[in-house]
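Q: What follows is the residue order along each chain.
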Amino acid sequence: QKEVEQDPGPLSVPEGAIVSLNCTYSNSAFQYFMWYRQYSRKGPELLMYTYSSGNKEDGRFTAQVDKSSKYISLFIRDSQPSDSATYLCAMRDSTDSWGKLQFGAGTQVVVTP
Amino acid sequence: GAVVSQHPSRVICKSGTSVKIECRSLDFQATTMFWYRQFPKQSLMLMATSNEGSKATYEQGVEKDKFLINHASLTLSTLTVTSAHPEDSSFYICSASFPGTETQYFGPGTRLLVL
Chain A
93 QKEVEQDPGP LSVPEGAIVS LNCTYSNSAF QYFMWYRQYS RKGPELLMYT
143 YSSGNKEDGR FTAQVDKSSK YISLFIRDSQ PSDSATYLCA MRDSTDSWGK
193 LQFGAGTQVV VTP
Chain B
2 GAVVSQHPSR VICKSGTSVK IECRSLDFQA TTMFWYRQFP KQSLMLMATS
52 NEGSKATYEQ GVEKDKFLIN HASLTLSTLT VTSAHPEDSS FYICSASFPG
102 TETQYFGPGT RLLVL
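Protein chains in written order, with my numbering: chain A, 93 to 205; chain B, 2 to 116.
Do not rely on the hints blindly, as some may be mistaken.
Claimed, not checked - Simulated crosslink set (DSS-like; lysine-lysine; CA at most 30 Å straight-line): (1) 15(B) <-> 65(B); (2) 134(A) <-> 67(B); (3) 67(B) <-> 192(A); (4) 21(B) <-> 42(B); (5) 159(A) <-> 42(B); (6) 192(A) <-> 65(B); (7) 42(B) <-> 15(B); (8) 56(B) <-> 21(B); (9) 159(A) <-> 148(A); (10) 42(B) <-> 192(A); (11) 94(A) <-> 159(A); (12) 67(B) <-> 21(B); (13) 42(B) <-> 67(B); (14) 94(A) <-> 56(B); (15) 94(A) <-> 67(B); (16) 162(A) <-> 148(A); (17) 67(B) <-> 15(B); (18) 192(A) <-> 148(A); (19) 134(A) <-> 42(B); (20) 134(A) <-> 56(B); (21) 15(B) <-> 134(A); (22) 94(A) <-> 65(B); (23) 21(B) <-> 192(A); (24) 134(A) <-> 21(B); (25) 65(B) <-> 134(A); (26) 192(A) <-> 56(B); (27) 42(B) <-> 94(A); (28) 148(A) <-> 134(A); (29) 56(B) <-> 67(B); (30) 148(A) <-> 42(B); (31) 192(A) <-> 162(A); (32) 192(A) <-> 134(A); (33) 162(A) <-> 42(B); (34) 192(A) <-> 159(A).
Said to hold, decoys possible - From the structure, some residues in chain A lie toward chain B, with a derived Cβ separation under 7 Å: (35) 124; (36) 134; (37) 136; (38) 138; (39) 141; (40) 190.
Simulated from the structure, these hints should not be mistaken for laboratory data. Here a beta-carbon is modelled for each residue, glycine too, at the ideal position from N, C-alpha and C.
Work out the full structure: start from the sequences and follow the hints.
A: Following this line, the structure appears as structure tokens:
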């Protein structure tokens, strides 16, 4: 079983809809949680970073972490065709001194006009 | 802020040649840099962790003599694919740890095609 599980999609939504993405994990030592957006043939871009449980909002993006359920989410409001990309969740074990990240498989999102 | 560059963005080479890829943190100093490999429609696969001034730490299954990593300064790490073969063709991405945070910022990636 992978440490981080993420549905690869594709997830297709109409423009203006809310995109809901999530990841589950098994390692209770994960304390730092990130969401990256990756366009085709580009490097990942950091979207959101949260520490431990709670919510964080940045513009149209909201990240949620529920450590008791080992579940994190990313919501994109008022989705645009430019949001079409692959979204990767990433997590860091607080005991890992190197700072290595564990990634989900990535969910491909398609926002149709 | 937090910009990471990679050079070259794309390289085509003949089998048996060596290829060097540079990764630079442009506006911050990175004690730790990471090298990843990504196959089409797959997630990132960590190859090695690079710390400034010390030897890189390779993940299991990654040949250290094949993929030479040098982290000579706080802003530059290089990956050299030695005696490249077609199976080394892939998308190589570096990242740098941003000081004071637990995040990594990624470069734009280098697409390697070995003929």
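Q: Does the structure break any of the earlier hints, and which numbers would those be?
A: none
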